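Participant: Listed below, chain by chain, are the residues.
There are 2 protein chains.
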Amino acid sequence: MKTRAGAILSAIRLDRDADRSLSVQLYMGLRDLILSGGVKPGERLPASRTLGAELGISRTTVIDAVDRLVAEGLLESRVGAGTFVSDALAQHAPVAALRKPRAAPVSPPRLSATTDHALKAFARRDRLPHTPKAFVTALPALDAFPMTHWARLYARHWRRNRDMIMGYGEPFGLERLRRAIAAHLQASRGITCDPAQIFIVGGAQQAFSLIARTLLDPGDAVWFENPGAIGARNALIAQGARLVAVDVDRDGLVVADGLAKAPDMRLAFVTPSHQQPLGHVMSLARRLELLKAADAAGALIVEDDYDGDFHHGSQPQPTLKSIDTNGRVIYVGTFSKSLYPALRLGFLLAPDGLVETFRDVFTCALSGVPTAPQAIVAEFMDEGLFATHIRQMRRLYKERYEGLVHHAARLSGFLDVEPATSGFHALARLGAGVDEHALVEAARARDVVLVPLSRYCLEPIARTGVVLGYGAVADKQIAAGVDILAGLTQQAA
Amino acid sequence: MKTRAGAILSAIRLDRDADRSLSVQLYMGLRDLILSGGVKPGERLPASRTLGAELGISRTTVIDAVDRLVAEGLLESRVGAGTFVSDALAQHAPVAALRKPRAAPVSPPRLSATTDHALKAFARRDRLPHTPKAFVTALPALDAFPMTHWARLYARHWRRNRDMIMGYGEPFGLERLRRAIAAHLQASRGITCDPAQIFIVGGAQQAFSLIARTLLDPGDAVWFENPGAIGARNALIAQGARLVAVDVDRDGLVVADGLAKAPDMRLAFVTPSHQQPLGHVMSLARRLELLKAADAAGALIVEDDYDGDFHHGSQPQPTLKSIDTNGRVIYVGTFSKSLYPALRLGFLLAPDGLVETFRDVFTCALSGVPTAPQAIVAEFMDEGLFATHIRQMRRLYKERYEGLVHHAARLSGFLDVEPATSGFHALARLGAGVDEHALVEAARARDVVLVPLSRYCLEPIARTGVVLGYGAVADKQIAAGVDILAGLTQQAA
Numbered sequence: 000m001k002t003r004a005g006a007i008l009s010a011i012r013l014d015r016d017a018d019r020s021l022s023v024q025l026y027m028g029l030r031d032l033i034l035s036g037g038v039k040p041g042e043r044l045p046a047s048r049t050l051g052a053e054l055g056i057s058r059t060t061v062i063d064a065v066d067r068l069v070a071e072g073l074l075e076s077r078v079g080a081g082t083f084v085s086d087a088l089a090q091h092a093p094v095a096a097l098r099k100p101r102a103a104p105v106s107p108p109r110l111s112a113t114t115d116h117a118l119k120a121f122a123r124r125d126r127l128p129h130t131p132k133a134f135v136t137a138l139p140a141l142d143a144f145p146m147t148h149w150a151r152l153y154a155r156h157w158r159r160n161r162d163m164i165m166g167y168g169e170p171f172g173l174e175r176l177r178r179a180i181a182a183h184l185q186a187s188r189g190i191t192c193d194p195a196q197i198f199i200v201g202g203a204q205q206a207f208s209l210i211a212r213t214l215l216d217p218g219d220a221v222w223f224e225n226p227g228a229i230g231a232r233n234a235l236i237a238q239g240a241r242l243v244a245v246d247v248d249r250d251g252l253v254v255a256d257g258l259a260k261a262p263d264m265r266l267a268f269v270t271p272s273h274q275q276p277l278g279h280v281m282s283l284a285r286r287l288e289l290l291k292a293a294d295a296a297g298a299l300i301v302e303d304d305y306d307g308d309f310h311h312g313s314q315p316q317p318t319l320k321s322i323d324t325n326g327r328v329i330y331v332g333t334f335s336k337s338l339y340p341a342l343r344l345g346f347l348l349a350p351d352g353l354v355e356t357f358r359d360v361f362t363c364a365l366s367g368v369p370t371a372p373q374a375i376v377a378e379f380m381d382e383g384l385f386a387t388h389i390r391q392m393r394r395l396y397k398e399r400y401e402g403l404v405h406h407a408a409r410l411s412g413f414l415d416v417e418p419a420t421s422g423f424h425a426l427a428r429l430g431a432g433v434d435e436h437a438l439v440e441a442a443r444a445r446d447v448v449l450v451p452l453s454r455y456c457l458e459p460i461a462r463t464g465v466v467l468g469y470g471a472v473a474d475k476q477i478a479a480g481v482d483i484l485a486g487l488t489q490q491a492a
Numbered sequence: 000m001k002t003r004a005g006a007i008l009s010a011i012r013l014d015r016d017a018d019r020s021l022s023v024q025l026y027m028g029l030r031d032l033i034l035s036g037g038v039k040p041g042e043r044l045p046a047s048r049t050l051g052a053e054l055g056i057s058r059t060t061v062i063d064a065v066d067r068l069v070a071e072g073l074l075e076s077r078v079g080a081g082t083f084v085s086d087a088l089a090q091h092a093p094v095a096a097l098r099k100p101r102a103a104p105v106s107p108p109r110l111s112a113t114t115d116h117a118l119k120a121f122a123r124r125d126r127l128p129h130t131p132k133a134f135v136t137a138l139p140a141l142d143a144f145p146m147t148h149w150a151r152l153y154a155r156h157w158r159r160n161r162d163m164i165m166g167y168g169e170p171f172g173l174e175r176l177r178r179a180i181a182a183h184l185q186a187s188r189g190i191t192c193d194p195a196q197i198f199i200v201g202g203a204q205q206a207f208s209l210i211a212r213t214l215l216d217p218g219d220a221v222w223f224e225n226p227g228a229i230g231a232r233n234a235l236i237a238q239g240a241r242l243v244a245v246d247v248d249r250d251g252l253v254v255a256d257g258l259a260k261a262p263d264m265r266l267a268f269v270t271p272s273h274q275q276p277l278g279h280v281m282s283l284a285r286r287l288e289l290l291k292a293a294d295a296a297g298a299l300i301v302e303d304d305y306d307g308d309f310h311h312g313s314q315p316q317p318t319l320k321s322i323d324t325n326g327r328v329i330y331v332g333t334f335s336k337s338l339y340p341a342l343r344l345g346f347l348l349a350p351d352g353l354v355e356t357f358r359d360v361f362t363c364a365l366s367g368v369p370t371a372p373q374a375i376v377a378e379f380m381d382e383g384l385f386a387t388h389i390r391q392m393r394r395l396y397k398e399r400y401e402g403l404v405h406h407a408a409r410l411s412g413f414l415d416v417e418p419a420t421s422g423f424h425a426l427a428r429l430g431a432g433v434d435e436h437a438l439v440e441a442a443r444a445r446d447v448v449l450v451p452l453s454r455y456c457l458e459p460i461a462r463t464g465v466v467l468g469y470g471a472v473a474d475k476q477i478a479a480g481v482d483i484l485a486g487l488t489q490q491a492a
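Protein sequences appear in the order of chains P and R. With numbering that gives the first Met the number 0 as the guide, the letters of the first sequence map in order to residues 0 to 492. With numbering that gives the first Met the number 0 as the guide, the letters of the second sequence map in order to residues 0 to 492.
These aren't lab readings, by the way, just hints derived from the structure by calculation. Hints may be right or wrong, so weigh each one.
Which copy is meant is left open, because identical chains are indistinguishable; a pair holds if it fits in one copy or across any two.
When the alpha-carbon atoms are kept at most 16 Å apart in a straight line, the in silico EDC-like pairs for lysine to aspartate or glutamate are as follows [stated by the list, open to error]:
no., residue 1, residue 2
1, 397, 31
2, 475, 434
3, 119, 66
4, 39, 125
5, 475, 142
6, 119, 355
7, 119, 482
8, 291, 263
9, 132, 162
10, 119, 359
11, 132, 16
12, 39, 263
Predicted model, so just to flag it, every value in this text is computed and none were measured.
One chain only, chain P, in its complex shape (with noise of 0.2 Å):
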């Protein structure tokens, strides 16, 4: 059985101006009739000779393709007989032609039950911040990052041992990076840990997703601070967490609320030293608290301290972690508040009863994170840059905090920004009929960020409020976002 060189030519279709080569078009053309069943398993292709001449392309074009097609198992070339399409393929029933839209979609794949519980319950998320504007959240001030010394050490890094910074890296993350952050732990957090207790990951979102799949079976209860942080709260959704909204007043996370909802819970997930959104300090009458709730249900503790180490009044704010006795913290932190989110880079410090358990899955089933910003980050703190930029950026924003309370001042009654003792965002109070979602509609209108405090709820509450992040502009930008609201306000009296 012979093809009629005439099926070929009009299926393919060759554009000498395309990117591709000739030979890579005919290739593809090809494949797509033999896959598309346009020639039959068995039909032997006209002589390349010929092809070539009806296509108006040299032999040798033709070959390379026909070449590539019988390496790829498409076609086969019989000594003496000339090339056929693959008789292998008469198993194979011709589907629609590649490339083309199905005339019927193919029907989604099944997902597992956790995945397909996740994707519903999911809190909506956009991409990340990453536009310095007023008031972004999350978005640490990148206009004054010490990107000189940054290049610097990446220069010098790139002259390096290549067997030290391109191989695998350290299972657990570099030595030289935990033993950074166990000083710098020991130093402003209060925390005494050993270096083999941290584990380097992506992102504290990876760490909450490895707690989550180490701890976690399918609907096992997590006390979860409402309002509380959205991603932490996906990274469990998406693990098979039943998440238990807690309530959440000046002290912290409500331990008596949680007892009340699920007394057997396996997993709380909490953030002491800024809860986020609302700001405040747990107190250590609470922290106490949830540390024999955790005892006595045999529970552990997630303390999320994403950006402890800005706080705004003279003393560091505590860490749970730096009180708990009997193993039942574990610490997350992240670069990406202290230095910059496009890092991923943060760290879990695990108790020593799950040290063995953490080396076991780092060490099997994972294959760590980038060296070269680890390296990066870890002689960054040895040289004192990082605490030298800590130190920096507290006092940043300090004075950004400072100056929008200041503007905001005017807003009064419509929008009251309340306290802030650390990090980067504060929330603000709205006055009596402002409507959460219109201002922060209005707002997004006139290219201003305001998060409302709904979007960090498991569960409605009561209150009402906005999100404004203060640490990535500028004063001027924080005064000019401010006359925005001002604007708002007229319209809203």
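Given the coordinates of chain P, assemble chain R onto it according to the supplied hints.
Facilitator: Positioned in the frame of chain P, the structure of chain R alone reads:
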């Protein structure tokens, strides 16, 4: 109730030669004393002047430490009355002093059922390869990497607009990189796809985890090549998959064996371009059989194309994805072999039916991979440096392979290197009576790396062998490695 200074003096050791400041030492000592119950809730601390005098340190140093403990809530300052151990601590059962070995270690936390099982089922992995030596596997030719270009691209990167390089990145990965990958797949792997189907991940291992989590419920059957890839195996086990060891022959995965063992598989994991570790290319007939079996079961196929760029023959190896007309194949690629492992960059190519699902998972539950390496690789590809590097490495690996075969000819009958057509490792058969384990250990003792075939086996197989990497070291080192093995032959003989 007043605390005797003596209790404090006897418990606290200050070391003037220590790295930590005296104030931090005192803070830590007091904190431990309070949390361990050495001083009781409600007790009054001696005046700072008294304490300073008795400890032989300045009053300011004492005040620093005390202020910090007040900020943390462990001490309370009462105006006109002095400083007291916080009453809130009364709820807190005193525990053995922090940082001292516990008499009875706290019992380890309960793990998830999946993790509990996984820790027993994991294939043991050591730290992944990082030092070039004969015959390390999975490590490309670090010595031939164009580091000058690389460092130049990085230096330029840090001068870019900060908003683009420092904020949170694009959730599915840098658009520019995804476009470059799509073009590369088209040109060299025969895959036509839309960049929207590509999701950037932190290495193939993360892709396997994500795929497993998205598609598999605990206990779901996964066809897995036996022998097969160790990392992928563990990633699947970590998500609770039930791995079904499917035979592999010269034509690749024996589909009939899979159908006999688990016709209800949810997923099949294969390495069609270069079976890991046997090195065979999956035949077209087998590919079509596999696609048909997946169609019938409603299952998906993971195609791990870990080193497909480095085919030794004149034509590229085909990909399974390129003939996947029904959207059954998730293609996974990595830059660990084509660039270097410490980069931790890979991607998955989702079939149409899964794109929306992955978009949701990536947006809601992940926070992406670092921006810098993505931008650098995109630039590297766009500038044509990637294609050049691949071409040069293809030649180099061919040379190194031929060198290995040449040198190893003298080992014939003891260790026979099998034909390799791709990548940079090859399987060697062992002569009758040569013990796989003993050989590997004897070689290791002489700093020569051989990976025993049995390590790749989910279930024991009849044949023995060792895997030799030849990509990471120069011909001289390959020759020296063979010399050492020749020495072992004589011992064995």
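Participant: At most 16 Å between C-alpha atoms: does residue 132 with residue 16 qualify within a copy, between copies, both, or neither?
Facilitator: neither (43 Å within a copy, 47 Å between copies)
Participant: Given a CA cutoff of 16 Å, do residue 291 and residue 263 count as a within-copy pair, a between-copy pair, both, or neither?
Facilitator: Within one copy, since 13 Å is at most 16 Å while 47 Å is not.
Participant: How would you classify residue 119 and residue 66 at a CA-CA limit of 16 Å: within, between, both, or neither?
Facilitator: Cα proximity of residue 119 and residue 66: none, with 49 Å in one copy and 48 Å across.
Participant: At most 16 Å between alpha carbons: which applies to residue 119 and residue 359, within, between, both or neither?
Facilitator: between (32 Å within a copy, 10 Å between copies)
Participant: Pop the pair residue 119 and residue 482 into one bin, within, between, both or neither, using alpha-carbon distances up to 16 Å.
Facilitator: neither (39 Å within a copy, 61 Å between copies)
Participant: With identical chains treated as interchangeable, where does the CA-CA distance between residue 119 and residue 355 reach 16 Å or less: within a copy, between copies, both, or neither?
Facilitator: between (35 Å within a copy, 13 Å between copies)
Participant: Which holds for residue 39 with residue 263 at a C-alpha limit of 16 Å: within a copy, between copies, both or neither?
Facilitator: Close neither inside one copy (64 Å) nor across copies (31 Å); limit 16 Å.
Participant: Evaluate residue 39 and residue 125 at a C-alpha cut-off of 16 Å and name the case that applies: within, between, both or neither.
Facilitator: Answer is neither: 48 Å inside a copy and 50 Å across each miss the 16 Å cutoff.
Participant: Given a CA cutoff of 16 Å, do residue 397 and residue 31 count as a within-copy pair, a between-copy pair, both, or neither?
Facilitator: Close neither inside one copy (63 Å) nor across copies (31 Å); limit 16 Å.
Participant: At most 16 Å between CA atoms: does that hold for residue 475 and residue 142 within a copy, between copies, both, or neither?
Facilitator: within (13 Å within a copy, 51 Å between copies)
Participant: What label fits residue 475 with residue 434 when the C-alpha limit is 16 Å: within, between, both, or neither?
Facilitator: Neither, since 27 Å and 75 Å both go past 16 Å.
Participant: For residue 132 vs residue 162, is the C-alpha pair at or below 16 Å within one copy, between two copies, both, or neither?
Facilitator: Between copies only: 10 Å across, 42 Å inside.
The earlier numbered hints that this structure contradicts are 1, 2, 3, 4, 7, 11 and 12.
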